[in-house]
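Asker: The lines below spell out each chain.
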Amino acid sequence: MNITRTMTERKIVVPGETIIQGEEFLPGDGTRREKEDIVASKYGLADISDKLVRVIPLSGVYSPRRGNSVIGQIIDIKFNGWLVDFNGPTTGFLPVSEYPRYIEQDELQDALNFGDLILAKVNNIKASSVDLSIRLRGFGKLDEGIIMKVNPNKVPRVIGKEGSMVSLIKELTGCNITVGQNGLVWIKGQSIDAELKARKIIEYICENSFIDGLTEKVKSFAETLK
Amino acid sequence: MAGKSSYTKRTDGRKFDELRPIDAKIGVIPEADGSAMYKSGNTIAIAAVFGPRTLHPQHMQNPQKGVLRINYDMMSFSVPDRKKPGPNRRSQEISKVTEWALSQCVDLSEFPNTVVDVFITIPQADAGTRVAGINAAVMALAHAGVPMKEMAAAVAVGKMDKTIVVDVCKEEEDYEEGEGATDIPVCYLSRSKKLALLQLDGKIGVDELKEALEMGKIACEKINEIQVKTLKGETK
Amino acid sequence: MIMPKILQDRIIAYLKQGKRFDARKTDEYRQIEVKTGISNNAEGSASVKFGKTEVYAGVKLSAAEPYSDGPEDGTFTCSMELSPMASADYELGPPGIESVEMGRIIDRGIRESKFIDFSKLCIKSGEKVWAVYLDLYAVNNDGNLLDVAAMAALVALANAKMPVYNEKEEKVEHEHTNEGLPLNKNAMAFNMTFHKIDDHIIVDPSKEEEEISDYRISLAACYDENEKPRITSIQKGKEGAITAEEMEKILNLVELKLKELHPKISKFVWGK
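Here the protein sequences come in this chain order: E, Z and U.
Residue 550 in the working numbering sits at position 213 of the first sequence, with consecutive numbering throughout.
Residue 224 in the working numbering sits at position 199 of the second sequence, with consecutive numbering throughout.
Residue 78 in the working numbering sits at position 76 of the third sequence, with consecutive numbering throughout.
Quick caveat, the hints were computed from the structure, so don't treat them as lab data.
Being a predicted model, the structure only gives us computed values, none of them experimental.
Even for Gly, the Cβ is constructed at its ideal location relative to N, Cα and C.
Some hints could be false.
DSS-like, lysine-lysine: derived pairs with alpha carbons at most 27 Å apart [unchecked claim]:
1. E:K525 <-> U:K18
2. Z:K195 <-> U:K173
3. Z:K50 <-> U:K37
4. U:K116 <-> U:K18
5. E:K491 <-> Z:K109
6. Z:K109 <-> U:K122
7. U:K187 <-> E:K486
8. U:K51 <-> E:K537
9. Z:K108 <-> U:K130
10. E:K415 <-> E:K388
11. U:K21 <-> E:K563
12. E:K486 <-> Z:K50
13. E:K348 <-> Z:K218
14. Z:K50 <-> E:K348
If you want the ones that stay clear, here's a sample from chain Z, every Cβ over 10 Å from chain E, calculated [claimed, not checked]:
15. F41
16. K50
17. G59
18. S120
19. M176
20. E198
21. R216
22. L238
23. V253
If we strip away everything but chain E, and leave its shape as in the complex, we get (with noise of 0.2 Å):
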């Protein structure tokens, strides 16, 4: 068995399967000590780096974390706030101290109204619910365009590293993107065929996230699409 495995090395692990063994190592997501070994606790991609080792889920629902941006759609009004679907384990909660300016409780539905759609921030992870806000700059209701969605576990290379490859989408077809963690994508574009082209790049993304050089595929996909 290897000691160390580089990022580029990393391999396909099975709930069960012993990925490492060592005291020094520290069991990450997805995985967990028995005695000596390291065993994943999840199907997906072992990384190991410095000492901790955690198992990437390459399939399955989205695993809400704090911090995280989503998009979600309103699926309930309460008297103090709006319950959110985000395709999670379980629904999001939005209250209306976390909505951008004071409303009163009557204004509730005229603020955010059955089936809109919100990017939201991930606040505080609770038992069978989330928090969310959409208090700061950026968050907020979406106004038109059109949503897709993806599997959120290849929503990393979406973004890209720093958010490259999205920003190259952008570049690419001039349409304003949003990347949900939760896998829903938010796309407005100058055109309807620009859209689309966007559309067409996410999914090439998403089919061929495992090989190298996405990038530059990505650019070469995008020409064919002229």
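Could you slot chains Z and U onto chain E? The hints should help.
Answerer: Relative to the frame of chain E, chains Z and U by itself:
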């Protein structure tokens, strides 16, 4: 083990500890969060997993951990005599024993008040349908990214007269010579090697049962290797 | 998730330019994939996909008593299961109205087109006839389950083989002959579902398009003895009402699509 067995050669020529040819795939149902197909000989099982997702109605929610819900169903044309569509008692029982077995694999402690739904369907049946269903479901659960302590594999061990065999086919199920056919489906967990499902239909002595369980364990290890290869994309 | 208004607006804006989200034209079908013999205990079986939407069909035959109004005619029963494995929106339980409606539409299309020649399914007059069971299962729902299921039904029936009937013991053996079902090849009617969204009529809807349409209308069509289009079943669904111009448009589309698709569909169903 007194007396010789009348069953000296298997109906399809396999060795006593030989499995039928296996074919497995993941991702066969794009709408599901995870899915898999498992084929053993002429038995095909498809499993689709949805979740963890919010469980309705609320009174069924478990505040300590997520609920695992299994639904096993055979397609009406999967068997020689058409089965009326819809659940029957057999499918309800199979759903339950499957749920008990798979509950040992999954870890839903981080997902209170949610449900993980597993739908197992059999489009074609040639014995060993419940174990094929479990084998497909385990891959589908992993594919769905559901947190799991370990995997599981299942096989139908059989005793034909006095001979213990693994992966019983339909013809063998109908064997009538001597002590006839005894059907023993088993499911073993991949890491802890514990027995998560055990049923018996027929008759067997204690030593024979021990032999059957041992053969079943080894067969399950082989099946698990194939499940793992499929998940890792190492087949074909 | 329910259909957000901004997405609905976009679908309509795209249609105004004759485009759809997957870049198809309004009268364009997704890629069709057909497999036969997906279940070997069935007398006939098939899997059909339009894009990612998939349905399994299986045909089983048994010997039964004829109905009193047709002592020498075979019987036909058709059912459609919308299994929750096919979509996060489906729930477990007895067939809901959606699956009941689909099963009945497909049943009518096949029965009324006289695709199956029931008079040739007699075993013993007044006592025993062949009962044909056609069971359809949704495997993956990405829109337009009805058309996919209707085609799977045709393929499964076209590929079915008659079981051996043991006259002496008066029972059906689990063995197949080389004979197919008595089918009227020329009566092969296939199902086309049209949806109206805004001012546009589209075929082969995606899941989102199905949700926002004003109405849908499914028609099963084939050619008659004089090579003229014949419609053997119609079902209008959802609330919206059809104008006379729209009906004209739809019927023109039926004739057009029938001409365009008939040879292709024939090939899928009969294999050549």
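Asker: Does each hint hold? Answer for all of them.
Answerer: We went through each hint and held it up to the structure:
no.	hint	in the structure
1	E:K525 <-> U:K18	holds (17 Å)
2	Z:K195 <-> U:K173	holds (21 Å)
3	Z:K50 <-> U:K37	holds (17 Å)
4	U:K116 <-> U:K18	violated (40 Å)
5	E:K491 <-> Z:K109	violated (42 Å)
6	Z:K109 <-> U:K122	holds (25 Å)
7	U:K187 <-> E:K486	violated (43 Å)
8	U:K51 <-> E:K537	holds (22 Å)
9	Z:K108 <-> U:K130	holds (20 Å)
10	E:K415 <-> E:K388	violated (46 Å)
11	U:K21 <-> E:K563	holds (16 Å)
12	E:K486 <-> Z:K50	holds (24 Å)
13	E:K348 <-> Z:K218	holds (24 Å)
14	Z:K50 <-> E:K348	holds (19 Å)
15	F41	holds (28 Å)
16	K50	holds (14 Å)
17	G59	violated (6 Å)
18	S120	holds (22 Å)
19	M176	violated (5 Å)
20	E198	holds (31 Å)
21	R216	violated (4 Å)
22	L238	holds (20 Å)
23	V253	violated (5 Å)
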